[in-house]
Amino acid sequence: MEPNNPIEIKKAPIKRIRSIDTVRGMATMEMIIYHFVTWYIPQIPKYSLIHFIFISLIGHTLRFCFVTIPAMGVTLQLYRGKKDGIDESLIRKSIFKRGLLLVIIQFICNFFGWHPFFTWNSFILSFVGISIIIAYYVSKLSHRTRIILIIIIALITPFLKFYLHPIQFQMGFIQNVWTIDTFLYSMFLQVDFPILPYIAISIFGTIFTEKMINAVETKSEDKFIKNSLIIAIISFVSYVILTNFRSIINYPDFFLGNPPRQDILFAIGSVVLFITILFWIQDWKQWEVKALELFEIFGSISLTTFITHYYIFQRVFDLIYDPWLNLDPYTVYLLSIILWISHVIYGIIVLRNKRKYSVEWFIRSCV
63 MEPNNPIEIK
73 KAPIKRIRSI
83 DTVRGMATME
93 MIIYHFVTWY
103 IPQIPKYSLI
113 HFIFISLIGH
123 TLRFCFVTIP
133 AMGVTLQLYR
143 GKKDGIDESL
153 IRKSIFKRGL
163 LLVIIQFICN
173 FFGWHPFFTW
183 NSFILSFVGI
193 SIIIAYYVSK
203 LSHRTRIILI
213 IIIALITPFL
223 KFYLHPIQFQ
233 MGFIQNVWTI
243 DTFLYSMFLQ
253 VDFPILPYIA
263 ISIFGTIFTE
273 KMINAVETKS
283 EDKFIKNSLI
293 IAIISFVSYV
303 ILTNFRSIIN
313 YPDFFLGNPP
323 RQDILFAIGS
333 VVLFITILFW
343 IQDWKQWEVK
353 ALELFEIFGS
363 ISLTTFITHY
373 YIFQRVFDLI
383 YDPWLNLDPY
393 TVYLLSIILW
403 ISHVIYGIIV
413 LRNKRKYSVE
423 WFIRSCV
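All residue numbers for the sequence shown refer to the working numbering, where the first residue is 63 and numbers rise by one.
Treat the hints as calculated values from the structure; they're not laboratory data. Predicted, not measured: the structure shown is a model, and the values here were computed from it. Yeah, the Cβ is synthetic: ideal placement off N, Cα and C, and Gly gets one too. Mixed in with the good hints there might be a few duds.
Using 25 Å as the maximum straight-line C-alpha spacing, the simulated PhoX-like pairs for lysine-lysine come out as follows [claimed, not checked]:
| no. | residue 1 | residue 2 |
| --- | --- | --- |
| 1 | K347 | K155 |
| 2 | K155 | K202 |
| 3 | K77 | K285 |
| 4 | K418 | K347 |
| 5 | K159 | K352 |
| 6 | K77 | K144 |
| 7 | K288 | K144 |
| 8 | K155 | K418 |
| 9 | K77 | K145 |
| 10 | K77 | K281 |
| 11 | K281 | K144 |
| 12 | K285 | K347 |
| 13 | K352 | K144 |
| 14 | K202 | K145 |
| 15 | K202 | K416 |
| 16 | K202 | K77 |
| 17 | K144 | K159 |
| 18 | K144 | K155 |
| 19 | K77 | K418 |
| 20 | K145 | K155 |
| 21 | K159 | K281 |
| 22 | K352 | K155 |
| 23 | K273 | K288 |
| 24 | K145 | K159 |
| 25 | K416 | K352 |
Pairwise CB distance ranges (calculated) [what the hints assert, rightly or not]:
| no. | residue 1 | residue 2 | range |
| --- | --- | --- | --- |
| 26 | F224 | R142 | 39 to 45 Å |
| 27 | W423 | I292 | 46 to 52 Å |
| 28 | L152 | E422 | 18 to 24 Å |
| 29 | H205 | A353 | 31 to 37 Å |
| 30 | W176 | L413 | 36 to 42 Å |
| 31 | T305 | Y373 | 17 to 23 Å |
| 32 | K144 | H122 | 42 to 48 Å |
| 33 | L396 | I292 | 37 to 43 Å |
| 34 | L356 | F221 | 41 to 47 Å |
| 35 | K281 | Y373 | 44 to 50 Å |
| 36 | E422 | K202 | 22 to 28 Å |
| 37 | K144 | F224 | 41 to 47 Å |
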């Protein structure tokens with residue numbers, strides 16, 4: 063039988079895994095351009111190689127990394143806490159406070175940034191908040207149990223979506239907007255980052271992080287990298303094969319828009335591939351690559367970047383450009399570059415001031 067906590071405490075604690083921070087930064091940078099392209103370019107844009115690279119290829123894969131990394135951070139926090147002899151009850155309180163605070167911040171942003179109708183909807187901040195709380199509890203389970211849980215989530219989610227789908231037709235500006243059933247449906251099944259089935263990816267992230275920590279402690283990074291790349295290849299190949307049977311595999315969710323079951327395979331492959339490559343460069347070989355420092359800056363202000371670009375900068379650009387004008391792709395990319403530069407400058411200031419004056423700093427101060 064596997065122990066409840068597969069991580070064996072042996073040596074001095076691992077303070078950071080740089081590849082995780084770098085991938086978070088890559089996903090954050092890509093999030094800016096991904097959102098602005100989809101907002102200001104028609105649903106079926108003209109052929110563009112840049113659009114294919116940044117949206118269809120990189121954007122679609124990195125979004126899964128963004129939703130997985132918070133759970134990986136919880137695993138690292140638990141590991142470091144045990145190494146440093148910190149009472150686990152204190153760690154648990156910290157995780158709970160951080161998770162609930164993120165959900166509250168999401169609701170506030172929804173209310174003031176969009177519309178009262180969307181207040182109880184769930185986006186990335188609330189997903190992160192819920193996922194880190196769930197990650198804490200599933201970390202107590204064996205790897206085998208977690209894998210079974212991932213499979214169960216993938217299987218039952220479309221059925222839940224199917225039976226709860228009528229609730230969305232009751233939504234209106236005031237009527238039923240604040241009911242608990244609408245809240246649960248919106249947060250767990252309906253929005254861009256539904257807790258079901260995407261929490262399955264977060265659960266996988268806890269397993270992957272524990273394997274990574276064990277590889278560093280036992281000096282078996284080469285074996286870990288080889289096994290991880292094999293898992294990524296198997297996941298991608300399985301995804302391609304199963305996509306040919308999409309309507310059968312995703313019964314009864316033919317038209318309701320829930321992420322298809324096989325997306326979990328694609329997500330696992332994406333997370334493993336990106337992080338493993340950077341783990342090889344930054345954490346195993348420990349090469350100092352100047353180009354990656356930009357991603358580390360974005361990784362340090364990922365939550366701040368999401369709030370500012372999604373709720374503030376979009377409103378600013380709406381005053382300048384009409385979203386219905388369907389701007390040329392290259393114009394949108396130039397706007398994204400402006401946002402990149404502004405956030406890099408801000409990120410450098412934040413890092414020089416010990417991460418003060420950011421959403422991340424505010425959350426740490428509260429918990």
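To see whether the hints hold, each was checked on the structure:
1. K347 - K155: violated (36 Å)
2. K155 - K202: holds (16 Å)
3. K77 - K285: Roughly 22 Å between the alpha carbons, so the hint for K77 and K285 holds.
4. K418 - K347: Violated, at roughly 31 Å.
5. K159 - K352: Given pair K159, K352 is violated - Cα atoms ~35 Å apart, limit 25 Å.
6. K77 - K144: holds (12 Å)
7. K288 - K144: Violated. K288 to K144 sits at ~28 Å, over the 25 Å cutoff.
8. K155 - K418: Holds, because 22 Å separates the two Cα atoms, which is no more than 25 Å.
9. K77 - K145: Between K77 and K145 the Cα gap is close to 10 Å, so the pair holds against 25 Å.
10. K77 - K281: At roughly 16 Å apart (the allowed maximum being 25 Å), K281 and K77 satisfy the hint.
11. K281 - K144: holds (20 Å)
12. K285 - K347: holds (14 Å)
13. K352 - K144: violated (33 Å)
14. K202 - K145: holds (17 Å)
15. K202 - K416: The hint is violated at about 33 Å.
16. K202 - K77: Answer holds: K202 to K77 is near 21 Å, not above 25 Å.
17. K144 - K159: Within the cut-off at roughly 19 Å; holds.
18. K144 - K155: holds (15 Å)
19. K77 - K418: holds (20 Å)
20. K145 - K155: Measuring from Cα to Cα gives roughly 18 Å; hence the hint holds.
21. K159 - K281: violated (35 Å)
22. K352 - K155: Answer violated: K352 to K155 is near 37 Å, above 25 Å.
23. K273 - K288: Given pair K273, K288 holds - Cα atoms ~12 Å apart, limit 25 Å.
24. K145 - K159: Holds - the C-alpha atoms of K159 and K145 are around 22 Å apart, at most 25 Å.
25. K416 - K352: holds (21 Å)
26. F224 - R142: 39 to 45 Å: holds (42 Å)
27. W423 - I292: 46 to 52 Å: The hinted range 46 to 52 Å is violated for W423 and I292, with Cβ atoms some 40 Å apart.
28. L152 - E422: 18 to 24 Å: holds (20 Å)
29. H205 - A353: 31 to 37 Å: With a Cβ separation near 35 Å, H205 and A353 satisfy 31 to 37 Å, so the hint holds.
30. W176 - L413: 36 to 42 Å: Violated, since W176 and L413 (Cβ atoms, about 30 Å apart) do not stay within the stated range.
31. T305 - Y373: 17 to 23 Å: violated (34 Å)
32. K144 - H122: 42 to 48 Å: The hint (42 to 48 Å, Cβ to Cβ) is violated, given that K144 and H122 are roughly 36 Å apart.
33. L396 - I292: 37 to 43 Å: Holds, since L396 and I292 (Cβ atoms, about 40 Å apart) stay within the stated range.
34. L356 - F221: 41 to 47 Å: Cβ of L356 to Cβ of F221: about 43 Å, so the range 41 to 47 Å holds.
35. K281 - Y373: 44 to 50 Å: holds (45 Å)
36. E422 - K202: 22 to 28 Å: holds (26 Å)
37. K144 - F224: 41 to 47 Å: The hinted range 41 to 47 Å holds for K144 and F224, with Cβ atoms some 42 Å apart.
In summary, the structure is inconsistent with hints 1, 4, 5, 7, 13, 15, 21, 22, 27, 30, 31 and 32 from the numbered list given earlier, while agreeing with the others.
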